[in-house]
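> Residues per chain are reported as follows:
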Amino acid sequence: MNYTSQNQKDKKEMLDTIGIRDVDELFDVIPKDLLKVRELNVAGGKTEQELLSYFSDIASKNKVLTSFRGAGVYDHFVPSLVGEIIGRSEFWTAYTPYQAEASQGTLQMIFEYQSLICALTGLDTSNASLYDAATAVAEAALLALRVSKKNKILISSGLHPEYMQVVKTYLKNSVAELVFLDICCDGTVEKESLDSNLDKNTAAVIIQSPNYFGIVEDMQTLSIISKKENSLFVAVINPLSLGVFKTPGEYNADIAVGEGQVLGSFMNMGGSTFGFMVVKKALEWKMPGRIVGQTIDKHGNRGFVLTLQSREQHVRREKATSNICTNASLNALAGCVFLSGWGDCGFKKLAEINISKARYAFNKIKSLEGFKPKFGKDKVFFNEFVIETQKDVNRINDVLLENKILGPLDLSTHCSTLTALGLPETQENFKNCLLFCVTEQRTKCEIDELARILYKI
Amino acid sequence: MKKLLNELSTECCPAYSLESDVGIDAQVPENLKRSLSFNLPNVAESDLLRHFTNLSRKNYALSTTFYPLGSCTMKYNPLINERIAKFDNFTKLHPYQNLETIQGVLEIMYGLEKDLCEISGMDCFSLQQAAGAHGEFASLLIIAKYFKSIKQKRTKIIVPDSAHGTNSASAVFAGFEIVPLKSESNGSILPEKLKEILTPEIAAIMLTVPNTLGTFEKNIPEISRIVHENGSLLYYDGANLNAVIGVVRPGDMGFDIMHINLHKTFSTPHGGGGPGSGPVGVKVFLEPFLPVPRIERKGTEFILNYEKPESIGRLKAFLGNFSVILKAYVYIKSLGAKGLKNVSEQAVLNANYMLARFRDKINVPAGNRCMHEFVLAPKALYKNSVRTLDIAKRLLDCGYYAPTVYFPLIVEEAIMIEPTETESKETLDAFVDTLIKIIVDETLLDPQKLKDAPVNTNVGRLNEVEAARNPVLRWK
Numbered sequence: 001m002n003y004t005s006q007n008q009k010d011k012k013e014m015l016d017t018i019g020i021r022d023v024d025e026l027f028d029v030i031p032k033d034l035l036k037v038r039e040l041n042v043a044g045g046k047t048e049q050e051l052l053s054y055f056s057d058i059a060s061k062n063k064v065l066t067s068f069r070g071a072g073v074y075d076h077f078v079p080s081l082v083g084e085i086i087g088r089s090e091f092w093t094a095y096t097p098y099q100a101e102a103s104q105g106t107l108q109m110i111f112e113y114q115s116l117i118c119a120l121t122g123l124d125t126s127n128a129s130l131y132d133a134a135t136a137v138a139e140a141a142l143l144a145l146r147v148s149k150k151n152k153i154l155i156s157s158g159l160h161p162e163y164m165q166v167v168k169t170y171l172k173n174s175v176a177e178l179v180f181l182d183i184c185c186d187g188t189v190e191k192e193s194l195d196s197n198l199d200k201n202t203a204a205v206i207i208q209s210p211n212y213f214g215i216v217e218d219m220q221t222l223s224i225i226s227k228k229e230n231s232l233f234v235a236v237i238n239p240l241s242l243g244v245f246k247t248p249g250e251y252n253a254d255i256a257v258g259e260g261q262v263l264g265s266f267m268n269m270g271g272s273t274f275g276f277m278v279v280k281k282a283l284e285w286k287m288p289g290r291i292v293g294q295t296i297d298k299h300g301n302r303g304f305v306l307t308l309q310s311r312e313q314h315v316r317r318e319k320a321t322s323n324i325c326t327n328a329s330l331n332a333l334a335g336c337v338f339l340s341g342w343g344d345c346g347f348k349k350l351a352e353i354n355i356s357k358a359r360y361a362f363n364k365i366k367s368l369e370g371f372k373p374k375f376g377k378d379k380v381f382f383n384e385f386v387i388e389t390q391k392d393v394n395r396i397n398d399v400l401l402e403n404k405i406l407g408p409l410d411l412s413t414h415c416s417t418l419t420a421l422g423l424p425e426t427q428e429n430f431k432n433c434l435l436f437c438v439t440e441q442r443t444k445c446e447i448d449e450l451a452r453i454l455y456k457i
Numbered sequence: 001m002k003k004l005l006n007e008l009s010t011e012c013c014p015a016y017s018l019e020s021d022v023g024i025d026a027q028v029p030e031n032l033k034r035s036l037s038f039n040l041p042n043v044a045e046s047d048l049l050r051h052f053t054n055l056s057r058k059n060y061a062l063s064t065t066f067y068p069l070g071s072c073t074m075k076y077n078p079l080i081n082e083r084i085a086k087f088d089n090f091t092k093l094h095p096y097q098n099l100e101t102i103q104g105v106l107e108i109m110y111g112l113e114k115d116l117c118e119i120s121g122m123d124c125f126s127l128q129q130a131a132g133a134h135g136e137f138a139s140l141l142i143i144a145k146y147f148k149s150i151k152q153k154r155t156k157i158i159v160p161d162s163a164h165g166t167n168s169a170s171a172v173f174a175g176f177e178i179v180p181l182k183s184e185s186n187g188s189i190l191p192e193k194l195k196e197i198l199t200p201e202i203a204a205i206m207l208t209v210p211n212t213l214g215t216f217e218k219n220i221p222e223i224s225r226i227v228h229e230n231g232s233l234l235y236y237d238g239a240n241l242n243a244v245i246g247v248v249r250p251g252d253m254g255f256d257i258m259h260i261n262l263h264k265t266f267s268t269p270h271g272g273g274g275p276g277s278g279p280v281g282v283k284v285f286l287e288p289f290l291p292v293p294r295i296e297r298k299g300t301e302f303i304l305n306y307e308k309p310e311s312i313g314r315l316k317a318f319l320g321n322f323s324v325i326l327k328a329y330v331y332i333k334s335l336g337a338k339g340l341k342n343v344s345e346q347a348v349l350n351a352n353y354m355l356a357r358f359r360d361k362i363n364v365p366a367g368n369r370c371m372h373e374f375v376l377a378p379k380a381l382y383k384n385s386v387r388t389l390d391i392a393k394r395l396l397d398c399g400y401y402a403p404t405v406y407f408p409l410i411v412e413e414a415i416m417i418e419p420t421e422t423e424s425k426e427t428l429d430a431f432v433d434t435l436i437k438i439i440v441d442e443t444l445l446d447p448q449k450l451k452d453a454p455v456n457t458n459v460g461r462l463n464e465v466e467a468a469r470n471p472v473l474r475w476k
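Residue numbers (the numbering used here), protein chains in the order written: chain Z, 1 to 457; chain P, 1 to 476.
A hint or two may mislead.
Said to hold, decoys possible - Here's a subset of chain P near chain Z, in silico, CB distances under 8 Å, partners left out: (1) Val28; (2) Leu93; (3) Glu113; (4) Asp115; (5) Pro269; (6) Gly273; (7) Asp446; (8) Lys449.
Claimed, not checked - BS3-like cross-link-like pairs, simulated, lysine-lysine; straight-line CA separation at most 27 Å: (9) Z/Lys372 x Z/Lys298; (10) P/Lys156 x P/Lys145; (11) P/Lys283 x Z/Lys12; (12) P/Lys361 x P/Lys476; (13) P/Lys195 x P/Lys151; (14) P/Lys182 x P/Lys193; (15) Z/Lys364 x Z/Lys391; (16) Z/Lys32 x Z/Lys61; (17) Z/Lys348 x P/Lys476; (18) Z/Lys172 x P/Lys193; (19) P/Lys3 x Z/Lys298; (20) Z/Lys46 x P/Lys425; (21) Z/Lys191 x P/Lys33; (22) P/Lys425 x Z/Lys319; (23) Z/Lys168 x P/Lys451; (24) Z/Lys298 x Z/Lys364; (25) Z/Lys319 x Z/Lys298; (26) P/Lys145 x P/Lys195; (27) P/Lys283 x P/Lys148; (28) Z/Lys364 x P/Lys341; (29) Z/Lys404 x P/Lys451; (30) Z/Lys172 x P/Lys425; (31) P/Lys145 x P/Lys3; (32) P/Lys425 x Z/Lys298; (33) Z/Lys444 x P/Lys33; (34) Z/Lys456 x Z/Lys444; (35) Z/Lys168 x P/Lys283; (36) Z/Lys149 x Z/Lys319; (37) P/Lys476 x P/Lys3; (38) P/Lys151 x Z/Lys61; (39) P/Lys451 x Z/Lys9; (40) Z/Lys319 x P/Lys195.
Keep in mind that the hints were calculated from the coordinates and are not lab data. Think of the CB as a built atom: it goes at the ideal place given N, C-alpha and C, for glycine as much as any other residue.
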């Protein structure tokens, strides 16, 4: 392919205007011994038709499966409207909206997105998006350190292990101390562990709910404990769960962050998705990332601009609240279109269907011989639940795969990967444990089939 | 006036609805239950379609207009990239699928890493980072870890005053102190000046080549020599790589570590501010420090290797922005070596042609030649208190997105133009004519027109000061 548009005549005229005879002369400024002589060894030059067939072949080496796996990325329904809108080239081929008057589409969209995230979470101020949930958690930790001038961060061991790893990486060269809070035998964070580790030096307490094991934490109580030392309470949430469960605003969280993939993005191998961050008003000037505000033009008409920019790197350089520039705007647009179309009742029902289907599967599986709930039968969960089995875990997933099913996540192997990275030992105790995920996408028929196969193994 | 979503909300049936085939069993204990009202909009699908479609029409975009935004490389985003990225066998994959069911994904990532190595002259790449600034941050963590591993205490990074703001922010983010370096009026670095600030505490210097004034750093061999003699590393900010693909390679110039913006050089769309992808490339001695997991080939199979004890760790969940990585790989396969070199040649030709047409009329601080972009310094021509901001807004009225303005900071009232290889001579001519007419004629004859601009956009000039003074950041 060739995506340039000059013909030979144009080129000649352009060279004449510049005052040179050959394109090579354009690179005369480069020291001779740096100019590469050899042509790059990069295969390509395919036509559009050839590209389609080449990439269809590669794509066929991937398998699309019926997914009962979650752990941070979920197979949810994506309404047709989402694809239609994010497919508008006026959105996807625009840049960050620096020229506000020529970017009102993107700017109003971000303003609506911010409003929807606030409505959903009950907090005051949202930014325009971050890369993903993992980096959003890390940015929340940095925000807390910056605001509080304290240096200890308490993190629930029920936080997604990859988010923990990213927090560790982000805080590597800071003086902050990370303390991981234990998980009790019922799968929730141990309140005593929080109580005993909390001190006046604690900048923030970071709790995920539903946690990595799918269990909904008692955020209200954890928040109250955290506030005893005036620590910031950071909630890592699944936004879909807020259709039913208590919001960060209601339990007095200071910061809420999470993964936006569940709001209208396909799984896409886990990227691209978007991370969201929403904070109490008092923290908005310290927040990382773009923020859009409403204003008026000179005729008094409503319009939107990037605002609070003196927090940002292009204005403040090394004094910026973050280095983030490009974020995940198009995925946030998907989130915006997704959240616009349910209405209150519809959104609540969406969450209820997720709970109902997961419960239906849970009840089916726990009644099978050789499968029992890891955390008791009464814990409240959202999409996911952990089952301990006496059967061969590898064989379970192999057989499911033969049936084109992506089975539950084997927590024991996953946890050994973590241990290799020096992450908290509490997650090691998951031998023979399976993390199942059921969203509204799974039909009764598929769940019954899953149970039937498990029964036969 | 166009309504916001919450103002469109009525008692109608909302756009989406779902039913459960297992009934509803969703009672939860009171202490965990939401009691806050939602206030989500209730809008019919047809109205939502109109709402968002009409919003999209309020954007200037690459698909509707020339977008000469300097340092942003707003090149054509090929449609075939988008089409392939929408294949079910890419979009409907879970990152924790068994490796044998995602071999196609790993093959693409591995292939892109290899191609980026060849293009840049680096030895290894990591594709995990989600944006350019994320790549910078990862690189600086790698630099820190490297010096730690050889037990040297180096706490400072040199950043030229012509650099992108992200350089300084990323370095501080990674725990370094900034040592600023004053560049010459054409943005270049004098080795003598650099020498004066090269102390044993300097871990690295971050350079953008070509620099933000569009000048190639002629002294790069000398700079590389003195930086390395000092035991420091040389970092390449790949924001301007579009100027030199197939021409020179950062690895050959002496750079030890770099990042690339796939959403600039390799044609993936900006999406109005992301998602992007910021791969990091290193010379082999820095390989142990790259983020995990690493994609490796074992016979005919691709695997993920987490056993990298010296790695800086993980920068993002899962494997990076795969959808962006895929589009960049499609682009490379569409062009190949010849096509890629042609990209840089056309990009540099376009920029020099524009510069040649401007140079007798408007001051160009970096001189008569440039690489893929250039900066105008029109201040001396401004009459009647006209400013660059007014020029930018007037350009919007003429149907163009504005160039980057007030950057780089070392040029007063800067206008930074990057045409990319995409644009035709006809487009470039029309733009040059328009900008000269505005700067040379209109500032003198009709300054009020510039002050009043824009008038052809959906809104007039917006009050940014008011927006920051009384922030309204969501629906009332």
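> Does each hint hold? Answer for all of them.
Here is how each hint holds up against the structure:
1. Val28: holds, 5 Å
2. Leu93: Interface hint status for P/Leu93: holds (5 Å vs cutoff 8 Å).
3. Glu113: Not OK, violated: P/Glu113 not within 8 Å of chain Z, min 12 Å.
4. Asp115: holds, 5 Å
5. Pro269: Since the shortest Cβ distance to chain Z is 5 Å, the answer is holds.
6. Gly273: holds, 3 Å
7. Asp446: violated, 18 Å
8. Lys449: This hint is violated: P/Lys449 lies away from chain Z, its Cβ roughly 14 Å from the closest one there, beyond 8 Å.
9. Z/Lys372 x Z/Lys298: Roughly 66 Å separates the two Cα atoms, so the pair is violated.
10. P/Lys156 x P/Lys145: holds, 14 Å
11. P/Lys283 x Z/Lys12: violated, 40 Å
12. P/Lys361 x P/Lys476: Since the Cα atoms of P/Lys361 and P/Lys476 sit roughly 49 Å apart, the hinted pair is violated (cutoff 27 Å).
13. P/Lys195 x P/Lys151: holds, 23 Å
14. P/Lys182 x P/Lys193: holds, 8 Å
15. Z/Lys364 x Z/Lys391: Roughly 16 Å between the alpha carbons, so the hint for Z/Lys364 and Z/Lys391 holds.
16. Z/Lys32 x Z/Lys61: violated, 45 Å
17. Z/Lys348 x P/Lys476: holds, 23 Å
18. Z/Lys172 x P/Lys193: violated, 32 Å
19. P/Lys3 x Z/Lys298: The given pair, whose Cα atoms are some 19 Å apart, holds under the 27 Å limit.
20. Z/Lys46 x P/Lys425: holds, 26 Å
21. Z/Lys191 x P/Lys33: Given pair Z/Lys191, P/Lys33 holds - Cα atoms ~20 Å apart, limit 27 Å.
22. P/Lys425 x Z/Lys319: Violated, because 42 Å separates the two Cα atoms, which is more than 27 Å.
23. Z/Lys168 x P/Lys451: Violated: Z/Lys168 and P/Lys451 sit about 50 Å apart, past 27 Å.
24. Z/Lys298 x Z/Lys364: Given pair Z/Lys298, Z/Lys364 is violated - Cα atoms ~63 Å apart, limit 27 Å.
25. Z/Lys319 x Z/Lys298: violated, 32 Å
26. P/Lys145 x P/Lys195: Roughly 24 Å separates the two Cα atoms, so the pair holds.
27. P/Lys283 x P/Lys148: holds, 17 Å
28. Z/Lys364 x P/Lys341: Given pair Z/Lys364, P/Lys341 is violated - Cα atoms ~60 Å apart, limit 27 Å.
29. Z/Lys404 x P/Lys451: At roughly 64 Å apart (the allowed maximum being 27 Å), P/Lys451 and Z/Lys404 break the hint.
30. Z/Lys172 x P/Lys425: violated, 50 Å
31. P/Lys145 x P/Lys3: Roughly 52 Å separates the two Cα atoms, so the pair is violated.
32. P/Lys425 x Z/Lys298: violated, 36 Å
33. Z/Lys444 x P/Lys33: Holds - the C-alpha atoms of P/Lys33 and Z/Lys444 are around 26 Å apart, at most 27 Å.
34. Z/Lys456 x Z/Lys444: Holds, because 18 Å separates the two Cα atoms, which is no more than 27 Å.
35. Z/Lys168 x P/Lys283: holds, 25 Å
36. Z/Lys149 x Z/Lys319: holds, 16 Å
37. P/Lys476 x P/Lys3: holds, 13 Å
38. P/Lys151 x Z/Lys61: Since the Cα atoms of P/Lys151 and Z/Lys61 sit roughly 45 Å apart, the hinted pair is violated (cutoff 27 Å).
39. P/Lys451 x Z/Lys9: Cα-Cα ~39 Å, so violated.
40. Z/Lys319 x P/Lys195: Answer holds: Z/Lys319 to P/Lys195 is near 26 Å, not above 27 Å.
Of the numbered hints given earlier, the model fails hints 3, 7, 8, 9, 11, 12, 16, 18, 22, 23, 24, 25, 28, 29, 30, 31, 32, 38, 39; all others are met.
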